[in-house]
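Asker: Those protein sequences? They're chains A and B, same order as listed.
For the record, in the first sequence the residue sitting at position 179 is 214 according to this note's numbering, with numbers rising by one throughout.
For the record, in the second sequence the residue sitting at position 399 is 420 according to this note's numbering, with numbers rising by one throughout.
By construction, these hints were calculated from the structure, which means they are not laboratory data.
Hints are supplied without guarantee of correctness; some may be wrong.
So these bits of chain A aren't anywhere near chain B, every CB distance computed over 12 Å [as the list claims (entries may be wrong)]: (1) E76; (2) H163; (3) T233.
Among chain B residues calculated to face chain A with C-beta under 8 Å, some are [to be verified]: (4) P46; (5) V364; (6) S404; (7) A409; (8) L466; (9) P469; (10) W497; (11) P507.
C-beta: ideal position from N, C-alpha, C; glycine also.
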Amino acid sequence: MAERMRVGLFITCVNDTLYPDTGRAVVTLLERLGVEVGFPEAQSCCGQPQFNTGYRSETEPLVRRYAEAFAGYDHIVTPSGSCAAMVRDHHPGFAVPGAADAARRTLELTEFLVDVLGVTDVGAYYPHTVTYHPTCHGLRALGLGDRPRRLLERVRGLELVELPGAEECCGFGGTFAVKNAAVSTSMGRDKARAVVSTGASAVCTVDNSCLMHIGGVLRRAGSPVRPVHLAEILASTGESAGATGHGTGTRGAIR
Amino acid sequence: MSGTFLGMPRRAVPGNRPGAPRDFPTAAEAAGRNTTLLENLRHATHTIRDKRARAVAELSDWPELRAAGAAIKDEVLLRLDDHLERLEEAVTAAGGTVHWAADADEANRIVTELVHATGETEAIKVKSMATQEIGLNEALAGAGITAYETDLAELIVQLGDDLPSHILVPAIHRNRAEIRDIFRERMGEWGRAAPGDLTDRPAELAEAARLHLREKFLRARVGISGANFMVAETGTMVVVESEGNGRMCLTLPETLISVVGIEKVVPTWRDLEVFLQLLPRSSTAERMNPYTTMWTGTTEGDGPREFHLVLLDNGRTDVLADTVGRQALRCIRCSACLNVCPVYERAGGHAYGSAYPGPIGAILTPQLRGVGSELDASLPYASSLCGACYEVCPVAIDIPRVLVHLRERVVEGGEVTVRGSRVRLRPARGHAAERAVMRAARWALDHPGVVRAGQRAAGRTRRLHPRRLPGPGAAWTASRDLPEVPAESFRRWWRRTREAGAGGGTASGDGQREDRS
Ligand code: SF4
Chain A
36 MAERMRVGLF ITCVNDTLYP DTGRAVVTLL ERLGVEVGFP EAQSCCGQPQ
86 FNTGYRSETE PLVRRYAEAF AGYDHIVTPS GSCAAMVRDH HPGFAVPGAA
136 DAARRTLELT EFLVDVLGVT DVGAYYPHTV TYHPTCHGLR ALGLGDRPRR
186 LLERVRGLEL VELPGAEECC GFGGTFAVKN AAVSTSMGRD KARAVVSTGA
236 SAVCTVDNSC LMHIGGVLRR AGSPVRPVHL AEILASTGES AGATGHGTGT
286 RGAIR
Chain B
22 MSGTFLGMPR RAVPGNRPGA PRDFPTAAEA AGRNTTLLEN LRHATHTIRD
72 KRARAVAELS DWPELRAAGA AIKDEVLLRL DDHLERLEEA VTAAGGTVHW
122 AADADEANRI VTELVHATGE TEAIKVKSMA TQEIGLNEAL AGAGITAYET
172 DLAELIVQLG DDLPSHILVP AIHRNRAEIR DIFRERMGEW GRAAPGDLTD
222 RPAELAEAAR LHLREKFLRA RVGISGANFM VAETGTMVVV ESEGNGRMCL
272 TLPETLISVV GIEKVVPTWR DLEVFLQLLP RSSTAERMNP YTTMWTGTTE
322 GDGPREFHLV LLDNGRTDVL ADTVGRQALR CIRCSACLNV CPVYERAGGH
372 AYGSAYPGPI GAILTPQLRG VGSELDASLP YASSLCGACY EVCPVAIDIP
422 RVLVHLRERV VEGGEVTVRG SRVRLRPARG HAAERAVMRA ARWALDHPGV
472 VRAGQRAAGR TRRLHPRRLP GPGAAWTASR DLPEVPAESF RRWWRRTREA
522 GAGGGTASGD GQREDRS
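The following block holds chain A by itself, in its conformation from the complex:
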């Protein structure tokens, strides 16, 4: 099955610029599972920041670019719950040729793994205590359900601990984080407190935007808990995860 599929990686602008490790992890993981990954360089941003702030007309060129860049791929896979939700829920609402079709072919990484490849054991090894925050878009917009959890449960060495109040928003919310900085920070601090209370050494999500927020609050508080994208956990095997503890992320910076 995996041989003939044309799979395009939609890296997202945030991951491209700030979290390339996540992108490399997705490539590593998918190729390990026998998937041939393409990366159309014409791709850019899904338009979520513009769209969610009300700039619909600034969004349209990005919707067009997305549809064109990914034409011809059977599946478009992205390591971001919120970008997948943006594409699936909102791109079809634009009068752009191919937008609805591209939206239909777009999958968040865990959906692709569980629903298309039919795997939950991806051969990962990650000897750490991890807590999982189901991001709002993953949870409510995409309805990822227990897919991330099922994948995490099959990671060797990993101990998954429950996050109290897991379904509450972390407070990122795109431009909300600066427009309503006080409320956003208060939400972030409560989320960070819940994370720390689990005793986990890492908090993982399917979205680096939320992790940037949660991680930013944790780091400001001097917490050693490390934000890790789910893809990076799933990509680790004995060799890469062992010595350094958490792979080689640029987010490492435990002070």
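Assemble the complex: chain A is given as a structure, and chain B with the ligand must be docked to it using the hints.
Answerer: Here is chain B with the ligand on its own, set in the frame of chain A:
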């Protein structure tokens, strides 16, 4: 003024009616400094939230009920004029009188005249959002009529010269000690005083309120209410409440005046059945509502001899013209969206600056009042778009979708309906810098070469990046660290490792790769 607008004085109770907030973020930030308020809110919202979740989980057909509720309301909204005419006929046939009020002023004038016609100078009130929305109490006071709130929480708000901060629990921002102080210091001015040795035990507080209110129920000749539903086929009004005070107001006076938003009509009793399941579980987490009062016009020798229904538009017909925004009119005011909202929980109800706080307020107020003021233009942004409100809403209002729709109205302007005519709105002022950033970002993102260059520059200078940003970025770095910019973007890594030799596809990057296919 500024420090007290959320009204949490240690010792109550000089007139501390909250002023109108300048904008949502400022008000929310001020609320965030009030730890007592936050604790009250957190405790109350989480308690109701959990109870609601359990009550809803008991019903296996909840999704169907919810879909039915949404469908009935949508159907009503599509033919609202027909349903209202049918309702008017039925109410009139049953002995009631129907008045039509285009806006708040007209509604207030009608009610004032009706009370004057009775010769009375006081009225008792059932808790009502519509009269809150139009500022009826203030209008009546201006005409020499005193309106007494009889819902326990509304009583607390009225005695404290305060404003409601929650749809269901208007005094949610008050704790027991404050309520005791308010009762002790203020009840005497409004009628029967509270005992001097009143403590903050709930039973004592309730008893003081009961005695105070009983006097008013027995004396009043005019009652004023809203209604949760109006059944068009029979002209029946429905008020859903938990305390029984509402039933007193609805049955004891000689004249009853109900001010009801036009969207509250349902076609038939069969439709009502759906909502009488949806509402109690969503709002108070009860399986069945404790006091459901229904009346149809007037009945000789039973209840009020005169019944007036004031049908309130006040912007609703304009909202109806907006195909995305109109779903806000499905709302049955259960307050479930407030109780799950992480923003409401941290901002409190007063920050929303209207009778409608929380997520529903954030989508309703900017539609009813427009987005002309700084406050109203800030409301659609009072959300992280987490979607918890949409998930619990018993009539499936897609609140995040409407929020984004209204954000578009704020920053891009566009056509809206105001008092029946189409008007082209200009983009709101104060967003010029943001608009420029969004446009520049879109331009860059639409030119991957520009993005690549920017990433490379950022990567090279990454050691120089400050930990604290100036300008709008400070709103981030004041409380959160920034991620470090990596030396190499993903794009660049891909080019370097993939495109160079193999021409894309399967060339090896970093890390091991054991194909299992
Ligand atoms: S918007 Fe929905 S959840 Fe909120 S008060 Fe109205 S009906 Fe209830």
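Asker: Confirm or reject each hint.
Answerer: Right, here's what the structure says about each hint:
For A/E76, the non-interface assignment is contradicted: its Cβ lies about 6 Å from the closest Cβ of chain B, within the 12 Å cut-off. In this structure A/H163 is separated from chain B by more than 12 Å, as the shortest Cβ-Cβ distance comes to about 18 Å. The non-interface label for A/T233 is consistent with chain B: the shortest C-beta to C-beta separation is roughly 19 Å, beyond 12 Å. Using the Cβ-Cβ criterion of 8 Å, the hint placing B/P46 at the interface with chain A is satisfied: the shortest such distance is roughly 5 Å.
Given hint, B/V364 at the interface with chain A, holds; its Cβ is 5 Å from that chain's nearest Cβ, closer than 8 Å. The restraint placing B/S404 at the interface with chain A holds, with a minimum CB-CB distance near 7 Å, inside the 8 Å limit. The closest approach between the C-beta of B/A409 and any C-beta of chain A is roughly 7 Å, which is under the 8 Å cut-off, so the hint is satisfied. Interface restraint check for B/L466: the shortest CB-CB distance to chain A comes to about 4 Å, inside 8 Å, so the restraint holds.
Because the beta carbon of B/P469 sits about 6 Å from the nearest beta carbon in chain A, less than 8 Å, this interface hint is met. Proximity of B/W497 to chain A holds as hinted, the smallest CB-CB distance being about 6 Å (cut-off 8 Å). With a least beta-carbon distance of about 4 Å to chain A, the hint placing B/P507 at the interface is held under the 8 Å criterion.
In summary, the one numbered hint that this structure violates is 1.
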